[in-house]
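J.: Assemble the whole structure, with the sequences as input and the hints as a guide.
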Amino acid sequence: MFIQTESTPNPATLKFLPGQTVLDAGTADFPTAEASDKSPLAARIFGVTDVTGVFFGTDFVTVTKAEGTDWDHVKPGVLGAIMEHFQSGQPVMAGDAAAASGHAAHEGEDGEIVDQIKDLLDTRVRPAVAQDGGDITFHGFDRGVVYLHMQGACAGCPSSTLTLKMGIENLLRHYIPEVTEVRPVAV
5 MFIQTESTPN
15 PATLKFLPGQ
25 TVLDAGTADF
35 PTAEASDKSP
45 LAARIFGVTD
55 VTGVFFGTDF
65 VTVTKAEGTD
75 WDHVKPGVLG
85 AIMEHFQSGQ
95 PVMAGDAAAA
105 SGHAAHEGED
115 GEIVDQIKDL
125 LDTRVRPAVA
135 QDGGDITFHG
145 FDRGVVYLHM
155 QGACAGCPSS
165 TLTLKMGIEN
175 LLRHYIPEVT
185 EVRPVAV
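Numbering (my numbering), first residue to last: 5 to 191.
Treat the hints with care, since some could be wrong.
[As the list claims (entries may be wrong)] Keeping only pairs whose Cα atoms sit at most 25 angstroms apart, straight-line, the calculated SDA-like set for lysine to any residue is:
{"no.": "1", "residue 1": "Lys169", "residue 2": "Asp146"}
{"no.": "2", "residue 1": "Lys122", "residue 2": "Gly106"}
{"no.": "3", "residue 1": "Lys169", "residue 2": "Pro35"}
{"no.": "4", "residue 1": "Lys169", "residue 2": "Asp126"}
{"no.": "5", "residue 1": "Lys42", "residue 2": "Lys79"}
{"no.": "6", "residue 1": "Lys42", "residue 2": "His143"}
{"no.": "7", "residue 1": "Lys79", "residue 2": "Phe6"}
{"no.": "8", "residue 1": "Lys42", "residue 2": "Val189"}
{"no.": "9", "residue 1": "Lys42", "residue 2": "Pro95"}
{"no.": "10", "residue 1": "Lys79", "residue 2": "Asp54"}
{"no.": "11", "residue 1": "Lys122", "residue 2": "Asp28"}
{"no.": "12", "residue 1": "Lys79", "residue 2": "Ser92"}
{"no.": "13", "residue 1": "Lys122", "residue 2": "Tyr151"}
{"no.": "14", "residue 1": "Lys79", "residue 2": "Pro15"}
{"no.": "15", "residue 1": "Lys79", "residue 2": "Ala39"}
{"no.": "16", "residue 1": "Lys122", "residue 2": "Asp63"}
[What the hints assert, rightly or not] What follows is a list of derived Cβ distance ranges for each label pair:
{"no.": "17", "residue 1": "Gly30", "residue 2": "Gly81", "range": "22 to 30 angstroms"}
{"no.": "18", "residue 1": "Thr62", "residue 2": "Pro162", "range": "20 to 28 angstroms"}
{"no.": "19", "residue 1": "Asp146", "residue 2": "Leu175", "range": "14 to 22 angstroms"}
{"no.": "20", "residue 1": "Pro181", "residue 2": "Asp54", "range": "41 to 49 angstroms"}
Just so you know, these hints were derived from the structure itself, not from any lab. From the three backbone atoms N, C-alpha and C, an ideal C-beta is built for every residue, glycine too.
T.: See below:
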């Protein structure tokens, strides 16, 4: 098994491409080791010293390391954990645990606007950030403000604020006049 790695805009995060499907659909975010109980693969990766976050896409695994740690010390352990997992035949997600579709549900009068926001995120934003090993999902809409949740390489990335304000906010405001601002939210 050959696992490729790619750098991401976030220097604390690397993208690992195992050359096979990680999740059939959706994404899975494990921002802490405690959250990894739903995934044998995530738990195995968290077993590597100085791993602080794991994120799954359809064909990639994004791993975040502790600040002050060099990738030369973490990367071999992560590669080994991913390889061991896929060779073991264990599932990526345990039992009835499922990947998330991403977007939060929205109830209320702004349903049509929210549908447009989600559509733009799905067609224009999410594919681009997946290339960088992350995901950005809809969290809420209130009085013109769109709240987005950043995951994987996007969470904690130095350029994420610029991406949100200059990229996503401008895109949404261009196509949806009711949008006035975009803000990140921690879940």
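J.: What's the verdict on Lys42 and Pro95, does the C-alpha distance respect the 25 angstroms limit or exceed it?
T.: The given pair, whose Cα atoms are some 10 angstroms apart, holds under the 25 angstroms limit.
J.: For the pair we were handed, Lys79 and Asp54, check the Cα-Cα distance against 25 angstroms.
T.: Cα-Cα ~10 angstroms, so holds.
J.: Can you confirm whether the C-alpha distance between Lys122 and Tyr151 stays at or below 25 angstroms?
T.: At roughly 11 angstroms apart (the allowed maximum being 25 angstroms), Tyr151 and Lys122 satisfy the hint.
J.: Below or equal to 25 angstroms on CA atoms is what counts here, so check Lys79 against Pro15.
T.: Holds, at roughly 13 angstroms.
J.: Take a quick look at whether Lys169 and Pro35 sit within 25 angstroms of each other, Cα to Cα.
T.: holds, 23 angstroms
J.: Below or equal to 25 angstroms on CA atoms is what counts here, so check Lys79 against Ser92.
T.: holds, 20 angstroms
J.: Starting from the range 20 to 28 angstroms, see whether the pair Thr62 and Pro162 falls in it by beta-carbon distance.
T.: holds, 26 angstroms
J.: Check whether the Cα positions of Lys42 and Val189 lie no farther apart than 25 angstroms.
T.: holds, 23 angstroms
J.: For the pair we were handed, Lys122 and Asp28, check the Cα-Cα distance against 25 angstroms.
T.: Answer holds: Lys122 to Asp28 is near 20 angstroms, not above 25 angstroms.
J.: At the C-beta level, are Gly30 and Gly81 separated by a distance inside 22 to 30 angstroms?
T.: Because 27 angstroms falls inside the window, the suggested range holds.
J.: Determine whether the Cβ-Cβ distance between Asp146 and Leu175 falls within the hinted range of 14 to 22 angstroms.
T.: holds, 19 angstroms
J.: Do the alpha carbons of Lys169 and Asp146 lie within 25 angstroms of each other, as the hint requires?
T.: Given that 25 angstroms is the threshold and the Cα spacing comes to 17 angstroms, the pair holds.
Hint compliance for this structure: no hint is broken.
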